[in-house]
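Novice: Spelled out, the chains give:
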Amino acid sequence: MKDWRVKDWRYWLAEQRGTLLALGIFIVMFVIYTSNHPAGFTANVVQTAANKGVLLAFVAMAQTLVVITAGIDLSVGMIFLLTNCLASWLVVGTPMQTALGVIAVLAVGLLCGAINGAIVIYGRLQPIVATIATGAVYYGIGLLLRPFPGGSVNEDLADALTGRVFGVVPASIVVLLVIVLVIWVPFSRSVLGRAAYAAGSSETAAYMSGVPIRRGKFAAYTLAGLLAAIGGLFLTFFTYTGEAAYASGNSYTLFSIAAVVLGGVSLFGGKGSAIGAIFGALAFRTIGDLLFVFDFDPLWQPLFQGVILLVAVSLGAFALFRVRNRLEWFL
Amino acid sequence: MSETTLGGIAGRMPRFIRRADPAVLTAFACIVLLLFLGSLYSRSFLSPEYLLQQLKVASFLGVIATGMMLVILLGQIDLSVPWAVAAGAMMACAAAAYGPVGVALAIPFGILCGMLIGVVNGIGVAYLRIPSMIITLATNAVAQGLMVVYTGGFSPQDSATGAMRYLATGFTIPGVPNAVIIWALIGAAMVFVLTRTSFGRTVYGIGNRERAAYLSGIDTRRVVMIAFAVSGGLSAFGGVLLAGYASKAAQSMGDAYLLPSIAAVVLGGTSILGGRGSYLGTVAGVILITLLQSILSVMQMPEAGRQIIYGVVIVAMLLLYGRAPASR
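The listed protein sequences derive, respectively, from chains L and E.
My numbering applies: residue 64 is where the first sequence begins, and numbers increase by one.
My numbering applies: residue 10 is where the second sequence begins, and numbers increase by one.
It is worth saying that the hints were derived from the structure and are not from the lab.
Each residue gets a CB set at the ideal place from its N, CA and C atoms; glycine is no exception.
Hints may contain errors.
Claimed, not checked - Simulated restraints, written as ranges between beta carbons of each label pair: (1) E/SER225 - L/VAL243: 18 to 28 angstroms; (2) E/MET310 - L/PHE331: 16 to 26 angstroms; (3) L/LEU390 - E/VAL200: 45 to 55 angstroms; (4) E/LEU49 - L/SER253: 32 to 42 angstroms; (5) E/SER207 - L/VAL386: 20 to 30 angstroms; (6) E/ALA265 - L/VAL155: 30 to 40 angstroms; (7) L/PRO361 - E/VAL200: 43 to 53 angstroms; (8) E/TYR59 - L/GLY213: 32 to 42 angstroms; (9) E/ALA106 - L/GLY226: 47 to 57 angstroms; (10) E/SER168 - L/LEU390: 28 to 38 angstroms; (11) E/SER225 - L/ARG277: 54 to 64 angstroms; (12) E/ALA265 - L/ALA106: 53 to 63 angstroms.
What the hints assert, rightly or not - A few chain L residues that face chain E, going by a derived Cβ cut-off under 10 angstroms, partial list only: (13) ARG187; (14) VAL192; (15) ALA193; (16) ILE195; (17) LEU206; (18) SER272; (19) VAL274; (20) TYR309; (21) SER311; (22) ASP352; (23) LEU353; (24) VAL356; (25) PHE357; (26) PHE367; (27) VAL370; (28) SER377.
To be verified - Coverage of chain E stretches by chain L, computed from C-beta distances (three or more under 8 angstroms per stretch; other residues unrestricted): (29) 186-194; (30) 231-242.
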C-alpha cells in the first residue's frame, strides 16, 4: 500500500516536471527582480508585474491548447489585437452595455478560433500556413476597426480588474486563476481534452482507438481563440485604448511560443499543461524586465529577449543525449 | 475512380500539359485571370511597361522565395526571413560607410550576415533537432535585437552603394531591368541544383523521408544545414536588392516578405510537408502574389483590406489544391 503511494507521487512528479521547472525559474527570477527593484517587494510592484504577465499568460494558454494537439497557432497574437480593437469600441457605457460588449468580444474570439480549427481540421491545411493566413485576415479586420490608436473602455470595470483585491492581491491574478478553473481544468479533464492530448501524442493511434480527435482538436483551437480574446480584453483594460500594431501582435505570438517552451509544453504535442505555460509566461516577462531593474538601455531588450528565447528552445536539445538509436533523431 | 476519368481526359492532351502539375497550372490560370480582371479595371494593365515593372518588383520576392522554397522542400520552414532581409540590407549599407573597401565588399558582407543567420538556423534544426519553426523564430528575434542595438532603433543613416542601386534599378540589357536578370540567374541555378545535382535530389529525398535518406548513406544533417544557410543568404541578398531599390535600409523592411514568400512557394504547388514541388510553380506563385498586391494597390485598397483579401485568397487557393490527403 505504501509502495503504491510512493509510485503515484513519482508519476505525478514526472508528469509535472516541466510545470515545476517553470515555476522554479519564475520564482528565482521574480526574487531577483523584486530584490533589485528600487521600490522593493511592494503591492504596487507586484500589481504592475502581474498585469503585464497576465496578458502574456492568456495568450500563452491559448497557444498551449493548440500546441498540445501537435499544431501551432501563429494567429493568436492577431486575435489578441483584433479583440483589443473590438473591445475599445464595445466595452463601454452602462453596466448592461459593457456586459454585452464583453460577451460580444469573447464570442468574436471564439469565432476566430473556430475558423482556424475548421480550416485546419476540416479543410486539412497545415496549421502553420493556415494560421499565418488567417492571422493576416484578423489583423486586417483589426486595422479596419482601429486605423488609428484610440477608443475607450468602461474604466470602472478596467480599474477593478487591473487593480487589487483587498489592497494586496492583484485582481488580474485572481481573474487568471478563475479562467484556469473555469476553462483549463474542465477542458483538460474532459473527453475532448483527452482527445486533444491523444491527437497530439499519436494521431493514428488515437484514431484507431476511436477517440474523437477531430472534435478534440476543434475544441482546442476554438478555446484558444477564446483565451486570446480574454487576453485582448485585458489589454484594453490595461491600456484603455485599442491599437492595431502589427509588430505588437507578432511579438505576442512569438512570446507565446517562448512561454509555452519555457513552461515545459512539448512542441511535438501531447505533453505539457497550460499551468506550465502560465508560469513560463510570467517567467519570460520577468526575465525581460530584469534589464530595467539593472538599468540597462531599453534598446537592449529585444536582443535580450531574443537570446533568452534562443537559449530556451535550445535547452530542449539536451533530450538528444538520451537518444540511443540515431534513427530517433528523425521524427 | 475519378483518377481514371481524369487520366482519360489527360491522355488526349498534349504531353507538356499532361506532365504539368495541376497546382502549377492553376497558379498560371489565376495569373491570367488576374491580368484579365485588371485589364477590365484599367487598360494600362496589359502594357509592356506595366508588366515589366511588375516583373521587377516580383524579382525581389522571387529571390527571397527561392531560398524559402529550398527549405520548404526539406519539410521545414524559415520564419527568420523578415530580419534576415533587414540585416542583409542594413549590414550592406553599414559596410558602405567604411571607405572604398567597404563599398566594394558591401554586397558580399550583407549576404554573409544573412548566411550567418541561416547557419544558426541550420545548426539548430539539423544538429540540435529543434523544430525549424521555433528556432527560426528565435534567430529572427535575435537578429532583430542585434539590428535594434546597432541602429539605435531608428532607420540607419547609411545609404546603399552604387553597385547595389545598379543591381536593383539599372539596365544592362536595354529594356530588361537588372533585378529581373538576377532573379532569372538565381532561378536557373536553383533549377539546375534541384534537378541535376545530387544535392538537389537529396533535398527532395529528405523532404519525403529523412530517415530513409539517412539510411541510404547521406549526411542529411549537412544538407539541411546548407539549405538553411542558402536560404538565409538569399533572404539577405533580397534585402540588399531592396536597399538598392529604395537606396537605403529601413527597420521593418523585411516584415512584408515573410507571408508572401511562404504563400508564393505554397501556392506554386510545393508541398508544405516537403519533398514535392517545382521551381516553375514558385515562379508562378511569386508573379501571382505580386500581381495581386499590385492590383489591390492600384484599386487604392487600404492596408486593412489588402491584408484581409490576401489572407482569404491564400486560404481559398490552398483549399482548392493544397489539402492534405484524407486517408490516415
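Novice: Does each hint fit the structure? Answer for all of them.
Specialist: Right, here's what the structure says about each hint:
no.	hint	verdict
1	E/SER225 - L/VAL243: 18 to 28 angstroms	violated (49 angstroms)
2	E/MET310 - L/PHE331: 16 to 26 angstroms	violated (40 angstroms)
3	L/LEU390 - E/VAL200: 45 to 55 angstroms	violated (32 angstroms)
4	E/LEU49 - L/SER253: 32 to 42 angstroms	violated (53 angstroms)
5	E/SER207 - L/VAL386: 20 to 30 angstroms	holds (28 angstroms)
6	E/ALA265 - L/VAL155: 30 to 40 angstroms	holds (34 angstroms)
7	L/PRO361 - E/VAL200: 43 to 53 angstroms	holds (47 angstroms)
8	E/TYR59 - L/GLY213: 32 to 42 angstroms	holds (38 angstroms)
9	E/ALA106 - L/GLY226: 47 to 57 angstroms	holds (51 angstroms)
10	E/SER168 - L/LEU390: 28 to 38 angstroms	violated (52 angstroms)
11	E/SER225 - L/ARG277: 54 to 64 angstroms	violated (36 angstroms)
12	E/ALA265 - L/ALA106: 53 to 63 angstroms	violated (44 angstroms)
13	ARG187	holds (4 angstroms)
14	VAL192	holds (6 angstroms)
15	ALA193	holds (7 angstroms)
16	ILE195	holds (6 angstroms)
17	LEU206	holds (4 angstroms)
18	SER272	violated (13 angstroms)
19	VAL274	violated (13 angstroms)
20	TYR309	holds (7 angstroms)
21	SER311	violated (12 angstroms)
22	ASP352	violated (16 angstroms)
23	LEU353	violated (15 angstroms)
24	VAL356	violated (19 angstroms)
25	PHE357	violated (16 angstroms)
26	PHE367	holds (7 angstroms)
27	VAL370	holds (6 angstroms)
28	SER377	holds (6 angstroms)
29	186-194	violated (count 0)
30	231-242	violated (count 0)
In this structure, the hints that do not hold are numbers 1, 2, 3, 4, 10, 11, 12, 18, 19, 21, 22, 23, 24, 25, 29, 30, in rising order.
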